[in-house]
Structure formats: C-alpha cells, structure tokens
Amino acid sequence: MWCPGCGNGIVLGAMLRAFEELEYELHNTVVVTGIGCWGKADDYLLTNALHTTHGRALAFATGIKAANPRLHVVVLMGDGDGITIGGNHFIHAARRNMDLTAIVVNNYNYGMTGGQCSGTTPADSYTSTTLYGNPERELDICRLAEVAGANYVARGTVYHGWELQQLIKEALNKKGFALVEAVSPCPTHFGSHNGMREPVEMLNHLKEKAVTMDAYRQLKEPERDGYFVIGKLAERDAPDFSTNYERMRGRIAGARKEGEPA
Amino acid sequence: MQREVKLVQGNQAIAEGAVYAGARYYAGYPITPSSEIAELCSVLMPQLGGVYMQMEDEIASIAAVIGASLAGVKSFTATSGPGFSLMQENLGLAVLGEVPCVIINVQRCGPSTGLATKPAQSDVMQARWGRHGDQAIIALSPATVKECFDLTVTAFNFAEKFRVPVVLLADEIVGHMRENFTYPAPGELQVVERKKPTVTPDRYKPFEPAEDGIAPLAAFGSQYVFHITSSMHGTDGYSNNDPGNAAWRVAQLHQKIDRYRSEIVLTKTFNAEDADVLLIAYGATTRAARAAALTARRGGIRAGVLQLLTIWPFPDEIVAVLGGQASTVVVPEMNFSGQVAGEVQRVLGPGADIRRVNRYNGQVITPQDILRAIQGR
Amino acid sequence: MKERYEIILAGAGGQGLILCGMILAEAAIAEGKNVVQTQSYGIATRGGFSKSEVIMDREEIIFQQIQRPDVVLALTEQAMAMFASAGPEVQIFYDSTLLGTRPGQNLHGYPFSALASELGHGGTANIIALGVMAVLTGMVKVESLVSVLSSRFSGKTADLNIKALYTGVKLVEKITKGDPL
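Chains as they are written, first to last, in the numbering used here: chain A, 1 to 262; chain E, 1 to 377; chain P, 1 to 181.
Because the hints were derived from the structure by calculation, they are not lab data. Any given hint could turn out to be false.
[Said to hold, decoys possible] Partial list, derived from the structure: chain E residues whose beta carbon lies under 10 Å from chain P:
#1 LYS6
#2 LYS118
#3 VAL174
#4 MET177
#5 GLU179
#6 ASN180
#7 GLY187
#8 GLN190
#9 ARG290
#10 ALA292
[Stated by the list, open to error] Here are some of the chain E residues that sit facing chain P, going by a computed Cβ distance under 8 Å:
#11 ILE173
#12 HIS176
#13 ARG178
#14 ALA291
#15 ILE318
#16 PRO367
In this text the structure is predicted, and so the values were computed from the model without any measurement. Just so it is clear, CB atoms sit at the ideal spot from N, CA and C, and this is done for glycine as well.
All chains should be built: construct the whole structure from the sequences, respecting the hints.
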C-alpha cells in the first residue's frame, strides 16, 4: 500500500532481517502498530500483531510486556503517531523503561491523511497545513527519548539501510526502552511540498544531510543547519520496569514470610 | 468454619471481587471516587504475582489493560466519568477486537469536572453510546457492597465468556459505602475462563466464531500466532475492506450479545409481581426505591421494585411484563435527562404513565422524593 | 431493647470522623448487627465540612442514608448549627473545648479535645467521644469497641486508643454516676 519512493519498505526489511539474525520466533514476537502509513506494517507481518488506535501503540505494548515479560514486543509508529498525538505515552514508556523496542519512522509529516504537518515538521517547511511555511518548531525525537530515560537511542535513515538494520538489531538486543528513529522520505507529500518531488532527490537529501556525530561536531554554525546526526546517540543500562517490578514482588514475598510489613 | 463478617467498602469489594475472578493486571489513573480500587490493587497485585501499573492517563490505562488481556491475563481498570470519557476510543477497540476486559466506572456528578466527590448516575448512555461506530456493550450496576463484589465477578465472567469489554456502572454512594460483608470462599462463586483454541496453530483464526457464536481467543506468547486490529478485519484478523465482511463483523458484535440476552440480563424484584405501582431502579437509588415501596405498601398502595442489575443490554422483556401489569411506573435516577426512564418509555410506549424522579445536584434521591411521585404530587 | 440506631458524626475533614464511624460500625458487626456506613465530604483533604453516618440494625438496612438520627456528634460550630435544632429525641454530643456551650436537655457538651490533649494526643478526641456516647446511649457495648480497637490497632497505638475510650467511659461515670440517658 506504500507509495513509490516511500522508505517504509526499507525500514520493514531492515527490521525483519534483524529479527532473522536474532532468531526471533513468530509466536513469541508481538509487533504493535499505531495509525499511519508505517502503522499499516502489521499487514505484511506473520508474527503476532496488534494494530491499535492513533498514538496509543506504546500504551498497548506496555500492557502486553508487563503481563508477559518473555515476549519480544516491538512498536512501530510514525512521527505523527508516536510523538505528536502519542507524545505523552512515548515519554512515559521511556521513563518507565519498558523493555520495548520502538521504531519510529520520521517522514516529517502525516502521510496517510494527506501530508499535514506533525510535531517533527521542520520550522518553515511546507506541508498541506503549513502552506506559508511551518510557524512552529520541530521536536527532536531522540533527545526526547534520552531525557525521558530510554536505555538505547539511535537514529538512522533509509538511505543507510545496512546501518539502520544494525541499529535496529542493537535496539532489539537492548533490555529496557530502546528507540530507533528512522528518517524516511515521503516523496508524495513532504517531498512535493518542499522541492523534492522525485524520490531520488529525498534520498540524496538524506545522503547529504545525515552525518556521524564526529562529522557533525566538525561542522560550525551556521553550516550545521539542516544536518543531523545518525548512529547510536545514547545508551545506558538502567533496570527495566519488569525487572524492578519483579524485585519489588520479591521484597514483598520476603517481608511477608518474615511477618514484617513490606 | 464460619467466615468472618467484615466491614467492607464498595470500592474495596470491587477490587477484591476482581481478584477473586482471577484478575492479575490492573492499569489505571487516579480519580475520585474510584481511587480506593487502584490503591488496593497496588497492594494486592504484586502479592499475587500480578501487576499494578499507574499509567500516564486513562487512554493509556485502558490500552494497557487490553494489551495485558491479549497476553492472556485477566485485566481491568477503574475510573470515573472524566476518565471514562477518555477511555472510549480504546474501549471501541476492545469491542471490535473482541478483547475481554472490565472497566469500573464509579460515577460522579458532572458535566466535566462537576462535583468531583458527589454521586450521579449520568453515564448510563455514555456506557452504551460513548464510542463512535455502532456497537453493543454489557453494563452492570450494583446497589450494595455485596453486589459490588458479586457483579464484578459477573463482569469478568461475561467478559471472558463473550469476549467483550464489560462496564460496571457503580456510583459514589456504593463505591464509598461500607457494609457488613462476608467474602465468599474460593469456589463459592462461579469463575469463567475464556475459551482457548483447540485447532492446530496453522488453522487458528482469532475471529472465527465457534458454534456458540464466540471465537476462541489465544494468548500472545502461546503456540498460536495471531493478529488483532482496530481496522475492519476478516476472521484471520488481517485488514479486510470487503463490504460483506464489514456487515458481518458489525452484526456479529451485536448478535453475540443478543443471543445470550437471557443469560446476561440480571434483575431482582421486590414485591413487583402484583405491583400496581412499579419502581424501576438501578445502582444505589434502588435502596431508596425499596424503602419508598415498603412505605407505600403500608399506606395501601401495591408498590414494588424492579432492580436492573444489568442495564445494557436493556432488560426489555421484564420491563415490558412488569411495567405492562402496573398502572404507574416510577423511575428514580441521579441524572437530569432520565437516561433509563427513556428506555423504559421506549419499551412501554408513549402512552404509559411513567413518572421520573431525577436529582442531578450530587444529593441522593430519598424515599420521600419517590413517595411524592408515587402519590402523584 | 432498641435495635436500630442512626448515628451522625459531623465536623471537619481531618478530624477522623470516617475512621470513627468505621470503628462504631465494626463494633455493631461484632454484636451481630447489619451496618451501613456512608460519608459526605468535599474536595479538601483537611478542613471543609465532613460527615460520617452509621446505621446499625438487626434487620436489613434498606435505604443507606440517615433520615432520623438518634445520636449526633458535632465537632465544629458548622456541624452543631446543622443539628442543634433537632428534636429532643436526638441526643447531640459536642466538643465543649471547641464549641460554645449551649443549653438543652438533649445537648451534651464534653471537653473531648481538652481530655485528648491531656492524654498527649489531640487525635484521640473522637475515640473519647465514642466512649461517652456508647455508655450514654447503649448503641454498642464498650467491650465491642475495645475489641475493635485492639484488632484495628497494635502496640502503643492500640493502648492509647483504648485508654482514650475509657477516658470517655469514666468521664460519664464521674458526671452521671453511670445513669443512662
């Protein structure tokens, strides 16, 4: 169902190859999706899947993971779904450090509903609801995840497909909340509004503007403008929700045995 | 051994009833007058190997409840009117996705923040019609602490048996009231478990009804692999935009509840069989109605009470029979618009003498309020 | 012997009226009665009008709210103002430390708060009041209240509350020489 030039298929391929490398099995993998172009990915999957309401995928995934921590729970959301309407759940899933892998495809706009602006639409960009240029600023998904407490934060692009696959694999392997932001072209809407009508122009844009942290640091203001960092951006090893909860249950059981209040 | 009689609060009985029914996952957001349920679950769930989660809002709460239920754990949440409003969209997912779960709404006086600590019975229609799309739901309403416990167990049983979300419409009065209550022993009340698939995993279809009209539900992580979606879907759980399929799905959601109406519709009667004046009541207001009916009887009026334990699906049949025998029907309820009175009027027809007793200021309806209506004043 | 009592405990949020009502209700349960305890409160956790109602009866309690109280405890002027004009059959107890004394056959002022302070814990005023009301009305036995207090609290807290209860009991004995109302 995705348009020619859309990056979703590349992200999906990267994710499925990562699943294969990690020998994920269909029955103990649950892919939870939100609403949007990327949210329709479950239609192409043979794993367990839950296609949810707009913005709420992480909250559904939280319940699944809390009820059965042995499951691999992977959450697919777009920028509108995951951090605009669903921003509150994104913050709190990261804060709780739920052992989930969130793969957020960021194409800077709402593709499915006709290319309206989202919380990640860059300032001054054109969308079908910012025809005079976006008067609002964009949100950095990765920085949000990092301050909210995610154990793993990385950004890739669909131009850098192999690297994206490695980042997704690392994220899946990471206990706790892991985020991979996959920057991806929407030639149909965002591209056509912003002078990149041909899919290849958007891929060239990603090729040129996505740089490593080292390369980014060497850029000086104002040349940095428009560039963004790809690769692993943050990593920590804080215990995840289920680990902490299990510890608490142990304390309660121990205290009850000794007849003392927990 | 004689079991101990305890002083138990309605909200406490709801939490304990959920545990008795096998609930091991609670996700919620604090809101008066339901918060005691959350507080007790935060203590009980980890003791029982279950999980309590305080979510970021009620939208996330019901979402997490649905997720946990799909992982095979009986799950529930509790809230009041404002939070119930926030839950509606995802409640619709539970209806279409046929996910068993229980939502407790301890009703308070609105609209909006309203009188946050005062009772109301004004979410009857919200429970029935609060979501977009055409769908059916089960809603029950307790009048005593014992009914808080028993109907919570029933709510889980209906949810599990029929693969539906079930709403318990309590109110601030029963939620905060304390009464003497003896907890039932394990096994004393029936506890229903959802039907699991028995076919081989390659043949499992999560929305293919069995002969009883209900599709078995596997759990994520079992040998069965399946899809659940908020989009219109076929029996295999994958998106399906075929109009014939959509018509079948929507009808099926209604028909599975309709088919079991006689099992789902629960009522109690108090001197209603020969009643010339029939009081139709639900929730805490039932108690004022019963007191009023007894007083009226002493005054020579043959009054009786029909208590609706099940509000949705609406008990049309018994309302028609008992209401048809009575010359006057009185419907007391804590709302302005007569949310149940309107249903009674629909059943008995526009010519029926139906007297409404409404309070919508956070104060309870008294037996005197109802007596005045009985006496036509 | 009177089997049904309707008791209103009224004052402000934070005065322990709901707990007091629960203790009274549990004492009635211990005597084999049915009980209903309800409350009315505002949005403030401390302060604001607060009311706890207890009905106890051998028979089923149908309507849950009090219609004709037998006993009222008033711990604030606002609460007193609401009930002071009740008929002579309603026994009204009030805290004479906090409220002005007023005349009336059915109005019984006792220095609950002052006695609680003497015990070293101002929060026991409501338990002292329970002791006074139990003896004077006979709605529950003092032993039933003692048994509730010892199962609800433990250690020093239980001791303190039982001591407070007997402070109330002895106060009545001292003043009335034990004659019930």
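Hint check, failures only: 7, 8 and 15
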